[in-house]
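Here is how the chains run, residue by residue.
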Amino acid sequence: MKEITYQKAINEAIDEEMKRDPSIFIIGEDIGKHWGGSLGELAGLFDKYGAERVRETPISETAILGGAIGAAATGMRPIAYLYFDDFLGVCGDELINQLQMKYMYGGKTKLPLTITAYIGAGLSAAHQHSKCLFGWLMNISGLKIVAPATAYDAKGLLKSAIREDNPVIFLEHKVLLLSRSTSQIPNEEYTIPLGKADIKRGGSEVTVVAIALMVHRALAAADKLQEKGISIEVIDPRTLVPLDKQAIIDSVKKTGRLVIMDEEPKTGSAAGEIAAIVAEEAFDFLDAPIKRVCAPDTPIPFSPVLEKFWMPDEEDLIKAINEIM
Amino acid sequence: MAIEKEKLLDMYRTMVRIRIFEEKIAEDFAAGKIPGFVHLSAGQEANPTGVCANLRIDDIITSTHRGHGHVIAKAGNQYSLAPMVAELYGRKTGVNKGKAGSQHLSDMDIGVLVAEGIQGTALTLAAGAALTAKLRGTDQVVVSFIGDGTLNTGRFHEGMNMASAWKLPLICYCENNVWAESTNIYDVTNLTNITDRAVAFNIPGVSVDGNDVLAVYKVAAEAVARARKGEGPTFIEGKTCRRFGHFQGDTHLYRSQEEKDECMKRDPIPRFRKRLIEMKVLTEKEADKIQQEVQEEMDKAVKFALESPFPDPEEVLTDVYA
Ligand SMILES: Cc1ncc(C[n+]2csc(CCOP(=O)(O)OP(=O)(O)O)c2C)c(N)n1
Numbered sequence: 001m002k003e004i005t006y007q008k009a010i011n012e013a014i015d016e017e018m019k020r021d022p023s024i025f026i027i028g029e030d031i032g033k034h035w036g037g038s039l040g041e042l043a044g045l046f047d048k049y050g051a052e053r054v055r056e057t058p059i060s061e062t063a064i065l066g067g068a069i070g071a072a073a074t075g076m077r078p079i080a081y082l083y084f085d086d087f088l089g090v091c092g093d094e095l096i097n098q099l100q101m102k103y104m105y106g107g108k109t110k111l112p113l114t115i116t117a118y119i120g121a122g123l124s125a126a127h128q129h130s131k132c133l134f135g136w137l138m139n140i141s142g143l144k145i146v147a148p149a150t151a152y153d154a155k156g157l158l159k160s161a162i163r164e165d166n167p168v169i170f171l172e173h174k175v176l177l178l179s180r181s182t183s184q185i186p187n188e189e190y191t192i193p194l195g196k197a198d199i200k201r202g203g204s205e206v207t208v209v210a211i212a213l214m215v216h217r218a219l220a221a222a223d224k225l226q227e228k229g230i231s232i233e234v235i236d237p238r239t240l241v242p243l244d245k246q247a248i249i250d251s252v253k254k255t256g257r258l259v260i261m262d263e264e265p266k267t268g269s270a271a272g273e274i275a276a277i278v279a280e281e282a283f284d285f286l287d288a289p290i291k292r293v294c295a296p297d298t299p300i301p302f303s304p305v306l307e308k309f310w311m312p313d314e315e316d317l318i319k320a321i322n323e324i325m
Numbered sequence: 001m002a003i004e005k006e007k008l009l010d011m012y013r014t015m016v017r018i019r020i021f022e023e024k025i026a027e028d029f030a031a032g033k034i035p036g037f038v039h040l041s042a043g044q045e046a047n048p049t050g051v052c053a054n055l056r057i058d059d060i061i062t063s064t065h066r067g068h069g070h071v072i073a074k075a076g077n078q079y080s081l082a083p084m085v086a087e088l089y090g091r092k093t094g095v096n097k098g099k100a101g102s103q104h105l106s107d108m109d110i111g112v113l114v115a116e117g118i119q120g121t122a123l124t125l126a127a128g129a130a131l132t133a134k135l136r137g138t139d140q141v142v143v144s145f146i147g148d149g150t151l152n153t154g155r156f157h158e159g160m161n162m163a164s165a166w167k168l169p170l171i172c173y174c175e176n177n178v179w180a181e182s183t184n185i186y187d188v189t190n191l192t193n194i195t196d197r198a199v200a201f202n203i204p205g206v207s208v209d210g211n212d213v214l215a216v217y218k219v220a221a222e223a224v225a226r227a228r229k230g231e232g233p234t235f236i237e238g239k240t241c242r243r244f245g246h247f248q249g250d251t252h253l254y255r256s257q258e259e260k261d262e263c264m265k266r267d268p269i270p271r272f273r274k275r276l277i278e279m280k281v282l283t284e285k286e287a288d289k290i291q292q293e294v295q296e297e298m299d300k301a302v303k304f305a306l307e308s309p310f311p312d313p314e315e316v317l318t319d320v321y322a
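Chains as they are written, first to last, in this note's numbering: chain A, 1 to 325; chain B, 1 to 322.
No lab work stands behind these hints: they were computed from the structure.
Small disclaimer: the values here were computed from a predicted structure and weren't measured.
Quick reminder that beta carbons are idealized off the backbone N, C-alpha and C, glycines included.
Be aware that one or more of the hints could be misleading.
[Said to hold, decoys possible] Straight-line alpha carbon distances no greater than 16 Å define the calculated EDC-like cross-link-like pairs of lysine to aspartate or glutamate that follow:
1) A:Lys-33 x B:Glu-181
2) A:Lys-144 x A:Asp-244
3) A:Lys-33 x B:Glu-315
4) A:Lys-308 x B:Glu-315
[Unchecked claim] What follows is a set of in silico ranges between Cβ atoms, one per label pair, in the way DEER data are often shown:
5) B:Trp-166 x A:Glu-281: 53 to 61 Å
6) B:Thr-251 x A:Gly-256: 36 to 44 Å
7) B:Glu-27 x A:Lys-33: 28 to 36 Å
8) B:Asn-193 x A:Tyr-190: 51 to 59 Å
[As the list claims (entries may be wrong)] Computed, partial: chain A to chain B, Cβ under 8 Å:
9) Asp-30
10) Ser-60
11) Gly-107
12) Ser-124
13) Ala-126
14) Asn-187
15) Gln-226
16) Val-305
Isolated chain B, as found in the complex (with noise of 0.2 Å):
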């Protein structure tokens, strides 16, 4: 499968944004200036990245407590991170007007329904955004994206149930990062596979090298296009690992060095990086200076977040009904 030119270029100044997001906001929290828990997703980009570039904007998807990637890769490069950035500094300006910050950073007008803090939820959420596009014949797409601990949920299966049943257009995303906090996958599952979950519900059941944008890409292109002809779910998992602990603070101990090393070695950006330089669609000058303007644009997000006021207390009162 051929991908444009510019689509590749557009993967990888959107997983180039994604980690100087996450890195930024790594050192503004640690500074204390962000309040509240912030889990970052540097490490996985390729995962958000390599599936939102399959999607249109009037597609849905469902993020994680772990999810500025899946908002800022389901917006698209031509949208600002300031509202964003903003948000998680608790300001007025934010894109949840202060009331989600880090943990639940969405926004509809771009597709994402919700970032949701309450794990496995979002498979049944998802389910009935895939409802309502079956219901009115759109062809519209939804992503659930969930990491591994949200496999055990029993939400997770009441969700793919009912979306494998009625055919929905449902995608389940796993990004495989082997931890749920401290707790490893296969120590609180009998599962060596865990497609194999996919069984259970007689839908394609994918795992792929979620390191990998090309992979992600391809793997979640077949399953969109399978849920926009009304074929049903698709399960994937993109097998990948975090850089940082579960939240900021959190040592991870729990974590070998030898695989905290392994995972800094897979870094999905400079080996997209290196591959376009091969395929001849980048070169190292372009690269670099992808990194600068998206370093550009983030340290103005930034300022932008911090000359914003706080919001109005009496803005507590609002948006409690339609």
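Isolated chain A, as found in the complex (with noise of 0.2 Å):
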């Protein structure tokens, strides 16, 4: 075993993919020569696979979303690095008219294509540069989407996106990103399918979902609410599509209670569709309603009073645990 940051993942699990496959290249802005990549995530690579393999283009998403797809579709593997994926407004047409491809056209064509982009608030970079479009993009078909919240889950899940013969769309929360604290990994190569949630903590009486940087909030009231005799399981389903649906079932069936932790406005988020299904598929084992910890539907603000409030932490999720108990 060896122990490795969040950033360190996402370097590592991208080199060995090139190592292993030349038909990946990277396409983006400041990923090679002086940056590699705005927070570093990227370094050393360009020294390793230079200027045709880590493209550096202009400011440009449309032309670099739009170009990943087009060589996807004949035969490349592209990883488009959009940056915050407050940027994807501007390569809209791509994500959602444009990754349909297979089965617009009869599913002659497939797009073996990953998508990394920064999300999350956190830093006080206001709204154009802080927001988690998790409900955004579930809402489009035909794409994955995967959000870690570990440096082991980062890597083996990359890994499988950047195999994966479908679009997916890879979250890096800024946070986690810029965070020195490590987990430890396997020294050998390993992956994690997309599609299976894990569970960051047993417990029996709540059921606590929770989505990249909130899976670490989680765990932290979890500590805090056992000290109170309370036993909280946080889930973390790593990827929202495909969702692994089963493991927040079977979770709620033995707890009996559902709370959803998602940094995002709470309409239209991943957490109202988290909650949707339980409310469809488990409804009988429910013994209280089912609880959205998420921000308030409004921007985000740039000053870290604000900020602070705007954003999910430990004692919200601490009091809407206390409201159904």
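Join the two chains into one complex using the hints; note that each chain is given alone, in its own frame.
What follows is the structure, encoded as structure tokens:
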């Protein structure tokens, strides 16, 4: 085993895959010669694989994603570095109208394409650089969505995403990317299949489904509640599409209570989708109303005081759990 | 073109205000007093100063992530720096109530429509603002400040084409500091003259030394006059350079030491000061006095910001809808 940061995990996953498969290339802004990605997670790849395979672009998200789709459809396996997920709006057509190529054209084309993007608040980066667009992305058919919370998951899932013959968006939380904390990973190669949730902490009284950074906040809250004698199970879906419904339902069958913690406005969120699935498929097992701990339905403010209020935190989660105990 | 003495002195003070603002923000950001990300425009002061000296308060500009200078220049010297500083510090008294921060500092009261964080969008918004002026029959002018990197966004082309097709009163002023983050503009375009982009829109494309405020003033004056008369858009390139990295914390090792030294030498402020002294518009002593006055003004603005409360957390929920 070895200790590794979230950032390094991403770097290793791409490095190992690029070494294995010459059809993989990365395309995006400031990923090469000087910066290795704006948060440094691609450092060293340019020196190793050169300008042909680590392609720096002008500020042209539409051409980055459109170009990646075109290349994927014709035999390459691109990784489109989209930078912040907030920039996905620039290539909205590519996302909502073009990724669906296989379906539209009678199944003849496949798109082995990975999109990477930073997500999340917590850095006072204001509304245009802080969003988690989970719910928005889940509504796009034909796209798989990965949002890892740990280095171990990030590496294993990114390798699987790159090997997928479908478009996958891989969402990296900025707070995790900048974190120095490490997790243990095997020295040997491993992958984690898309669509398998991970029980980050076992418990018996409340199921908390938490996404990305929120997993860590849920774990911290679970520690505090344990002291008060409340047992929390924390489930990290890891991939939102495909979603491991069974893992969530199995947990709810055991605990009878469900709280979903999700860093995005409540309306139209991933949390809403998960709540609906459980209401539809496991209603009889619930002993209390489902709770969603989300952000308010507002844009994301800059000032740290406001941003803190906006982001769901441990206290919000504890409050929600207390309401249903 | 003779420029009145008062205007020249005003422009000089504006440039000094921007520089002192930026240097103080650099210092306080390094000291951890300012949250978020900060992109400074020190070295580029002559561009917004020369342009905005041609604008009225009811004219409109769009700014960028590197926008403090645009706002200061558009506001004019009679406007206080305090609410701008307070915004950067995330305070309740900030001009955007602490919701924008450095990257989005803007103020519609003085005609700053947005400080855009998504490159390229501003051109389309600016075209829309220019359309308003045309439809309402005002003679307002819209200036969209962008960086060189933004020339490669699709929206730049869409906004400019629409403005040119409809002869909108829009000026795109591109501050060409050569770098978009760590990417050199000439590595990601096949251009040697970025003003060639104007050819595609069949509008004038003018290049100017963006570190010479009088040259900028002159070129902008012509473009503004054209726009006010309903003769349509102009594209201007101001050749300039940034003294700091892309953002505070960027070591900008992608620039050679030679290039950085050269930028320090091309400083537009001592250059203008020398010029004004030669023109006998200013004496050394008066120039020092302006420097000192602005320094005091900035100190007061920072004090105001630091003494201001943070916003009430519930403010998150306000201003979502009209
Ligand atoms: C659509 C979009 N893509 C990428 C970015 C990230 N980004 C922020 S500033 C910047 C460089 C901008 O360069 P330029 O337009 O030349 O302005 P300068 O920073 O030189 O003032 C980039 C790529 C962004 N903000 N928006």
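How the hints compare with the structure:
1. The hinted pair formed by A:Lys-33 and B:Glu-181 meets the criterion: a straight-line CA distance of about 12 Å does not exceed 16 Å.
2. For a cut-off of 16 Å, the pair hint linking A:Lys-144 to A:Asp-244 stands: about 13 Å separates their Cα positions.
3. Between the alpha carbons of A:Lys-33 and B:Glu-315 the distance comes to roughly 43 Å, so the proposed pair goes past 16 Å and is violated.
4. For the suggested pair A:Lys-308 and B:Glu-315, the alpha carbons sit about 12 Å apart, so the restraint of at most 16 Å is met.
5. Our hint of 53 to 61 Å for B:Trp-166 and A:Glu-281 holds, since their Cβ atoms are close to 54 Å apart.
6. Checked against the given bound of 36 to 44 Å, the beta carbons of B:Thr-251 and A:Gly-256, roughly 54 Å apart, lie outside it.
7. Roughly 30 Å separates the CB atoms of B:Glu-27 and A:Lys-33, a value that falls within the hinted 28 to 36 Å.
8. Range check, B:Asn-193 to A:Tyr-190: Cβ separation about 52 Å, and the 51 to 59 Å hint holds.
9. The beta carbon of A:Asp-30 comes within 5 Å of a beta carbon in chain B, closer than 8 Å, and the hint placing it at the interface holds.
10. Evaluation of the A:Ser-60 hint against chain B yields a held restraint, the C-beta minimum of about 5 Å falling below 8 Å.
11. Checking A:Gly-107 against chain B: minimum C-beta separation of about 31 Å lies over 8 Å; hint violated.
12. For A:Ser-124, the suggested interface contact is upheld, since its CB lies about 4 Å from the closest CB of chain B, less than 8 Å.
13. Restraint check, A:Ala-126 versus chain B: the minimum CB separation of about 5 Å is within 8 Å; hint holds.
14. A least Cβ separation of about 33 Å between A:Asn-187 and chain B goes past the 8 Å threshold, and the interface hint is therefore violated.
15. Against a cut-off of 8 Å between C-beta atoms, the interface hint on A:Gln-226 is violated, since the closest Cβ of chain B lies about 28 Å away.
16. The beta carbon of A:Val-305 comes within 4 Å of a beta carbon in chain B, closer than 8 Å, and the hint placing it at the interface holds.
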